[in-house]
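First to last, the sequence lines map onto chains P and F.
Residue 1 is where the first sequence starts when you use the working numbering, and the numbers rise one by one after that.
Residue 1 is where the second sequence starts when you use the working numbering, and the numbers rise one by one after that.
Hint data in this document are derived by calculation from the structure and do not stem from the laboratory.
Quick caveat, the model's predicted, so the values are computed rather than measured.
Hints should not be assumed to be uniformly reliable.
The list cannot tell twin chains apart, which means a pair is met if one copy fits it or any two copies do.
As the list claims (entries may be wrong) - DSBU-like mimics (lysine-lysine), calculated; alpha carbons at most 35 Å apart, straight line:
no.: 1; residue 1: Lys311; residue 2: Lys237
no.: 2; residue 1: Lys311; residue 2: Lys11
no.: 3; residue 1: Lys374; residue 2: Lys16
no.: 4; residue 1: Lys311; residue 2: Lys52
Protein chains: 2
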Amino acid sequence: MQNFEYYNRTKIIFGKGTEDQVGSETAQYVRRILLHHSGGSAVKSGLLDKVKNSLKKAGVEWVELAGVQPNPRLSRVYEGVELCKKEQIKFVLAVGGGSVIDSAKAIAIGACYDGDVWDFYDRKKTAAQALPVGVVLTIPAAGSESSISSVITNEAGPWKQSVNEECIRPVFAIMNPELTYTLPPYQTACGIADMLAHIMERYFTREPNVELTDELCEGAMRAIIRNARKIFSGGGKDYAARAEIMWAGSIAHNNLLGTGRVGDWASHAIEHELSALFDMAHGAGLAIIFPAWITYNIKENTPRLARFASKVWGVDGAYYDYEQAAREGVFRLKNFFRSIGLPVSFADANLDAGKIGEMSGRAVKFGPLGTYRKLNQDDVAAIYRLAVEAS
Amino acid sequence: MQNFEYYNRTKIIFGKGTEDQVGSETAQYVRRILLHHSGGSAVKSGLLDKVKNSLKKAGVEWVELAGVQPNPRLSRVYEGVELCKKEQIKFVLAVGGGSVIDSAKAIAIGACYDGDVWDFYDRKKTAAQALPVGVVLTIPAAGSESSISSVITNEAGPWKQSVNEECIRPVFAIMNPELTYTLPPYQTACGIADMLAHIMERYFTREPNVELTDELCEGAMRAIIRNARKIFSGGGKDYAARAEIMWAGSIAHNNLLGTGRVGDWASHAIEHELSALFDMAHGAGLAIIFPAWITYNIKENTPRLARFASKVWGVDGAYYDYEQAAREGVFRLKNFFRSIGLPVSFADANLDAGKIGEMSGRAVKFGPLGTYRKLNQDDVAAIYRLAVEAS
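If we strip away everything but chain P, and leave its shape as in the complex, we get (with noise of 0.2 Å):
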């Protein structure tokens, strides 16, 4: 087990009628603040309309910022930063999933800076400072609400980076899990595959003696299967079936899955030039990769890779043959991306097969990637080429 540090101050308040809280809990930081949201469901489901009453109510009062899109883009970014400096705003409230969120993230950044935001996306700048984030969830996947993670898209790639530093951290996540009943099952399962890609991406390491944080990931991911199961065969209210996977979505990427191990992340970097150059949910990009990541790397510490065919998805621990197992583990996998409506090749999404050069040397433009196995630009390329044919 590595050293490590564990400090997660989001403050959690979980449950039903929850978003009632977001104007005394946003009071105790400031009195005006950015809105920020995407202008679609938020408004339609009434949230909206809840979150304002409530900030109203708590003398709270705010300047708006709608049209946050999936793979949020950093020209709405700048105008967020734009506004918090003209209005000499000091809080900016999300309400939305993991892009709203993110998007308010790097609005926090860059608002405390007087260069250009995407200098920390870019590694030019170490980010130190933001404002203070609060989040309303409605989207139960990147597990932003509680993360150091930040991830954006600049159009004029496009290219897609990551700011993971702690001080964006949100203060408070307000999460209800009725709000996600409305949810359309594409998204839904989305949410479900960054889910358990976070702790795919932690549980996948060359530490040794993590067994603790291993039981963890393990019974997350129980859990997770198990009540995505339970929403896409039982209709989308089932309550309790929403709360696990919203509140496991959280525990997936606050890290304490990840304490004393080393992750591996290559399938998210990976992933990212999918859903940058293709425009696709970064959930179902992940759908395709993960699988082809585990088959490419098939001969590498292949016990632990049966471990997680075993524990995760009940293939029978006395296989004699690791990489047999390992292979029915990969098997499984799919299967269950593909009963939630998850494409699981770039056939299944029609993506152009013609982009893995580009793709793959973008992925590795800071260096090679992953900790589980190292891989460079053909190795990347190798894995995009698993994941061509529909199998």
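Got chain P sorted already, so can you dock chain F onto it with the hints?
Chain F in isolation, oriented as in the chain P frame:
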């Protein structure tokens, strides 16, 4: 799943050599502290000198208060409170195990209060303000290093009572598993029983649909049991096993595993009478009480007890008879406690069963205990009686 708030702001600094960071961490708060410890093992091992060197380097001065005993006494707390007030000290650093930390927390509340600090333990007042507390942990057990709990013994009774308030959660906890190499086996075992009990109190719930936290609880318990066996079979200097146990002790009681659940906590209250009256280690008392508590409740929500037997102790899940499975689980729990040198009955620990009437009366002095099954004085007495004979 119940609505919940989860907010744990303790910064964990975990791993080899981390005690050297105590000075720089403390200096972020103040330049003058109360240094609180037992005066025993931390002095002998040289840890206290290391701590002092680190404080000195960071320009932090200290006033020392040693002499904390297991089942920490109110009289020592009074001394600390007086010292803090007289010397205008605004930070308490605990170097030790749960007793030292609990004592430090009590001092931290008392220093902010004009009346008698026992008022908070006697439920006459609610603690809302405390000095910040930092921790260098030497005994993985109580989870006090990142919990909101403090348990103090008032010699006048003797009464053993607790405070559970957010304001006493430590601001940082430094945890080096190497510091636990020299713990006597009995203390190691008591700590293991304590952390298992913290999870069991949360695990035995009537709340339905808490699948994710069920999985996390079960995984953590399995990891504790396996690594306890490694420590006891392989000698105490197994870094990996010591690290798993140390981190598990925090996770067992930082309340992540309790989110959305309603815990029971009757066994803790029933045990407190044992340690108050016989001055025995809390963990040893729990090893006596918990199997008796399960046995007494064997007809109550038996499937959950059977699940515990199956998932945690490997009892065949195909048992046709839940009760039979549950009893086998209790048998294995007792065997495990015995295997690491703990008593599992009054007889094992030479406790006077003649005190059962008195203890059961005091255990319910604030009302019936528990939520899994509400226990009145007769129930509590029956549980004590189930624990009388070695079995």
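Comparing the hints with the structure gives:
For the homomeric pair Lys311 and Lys237, the shortest alpha-carbon distances inside one copy (29 Å) and between copies (29 Å) are both at most 35 Å. Taking CA atoms no more than 35 Å apart as the test, Lys311 paired with Lys11 passes in both settings, with 31 Å inside one copy and 31 Å between copies. Taking the shortest Cα distances, Lys374 and Lys16 sit within 35 Å of each other only across copies (27 Å), while inside one copy they are farther apart (44 Å). Taking CA atoms no more than 35 Å apart as the test, Lys311 paired with Lys52 passes in neither setting, with 45 Å inside one copy and 46 Å between copies.
Hint compliance for this structure: hint 4 is the single one not met.
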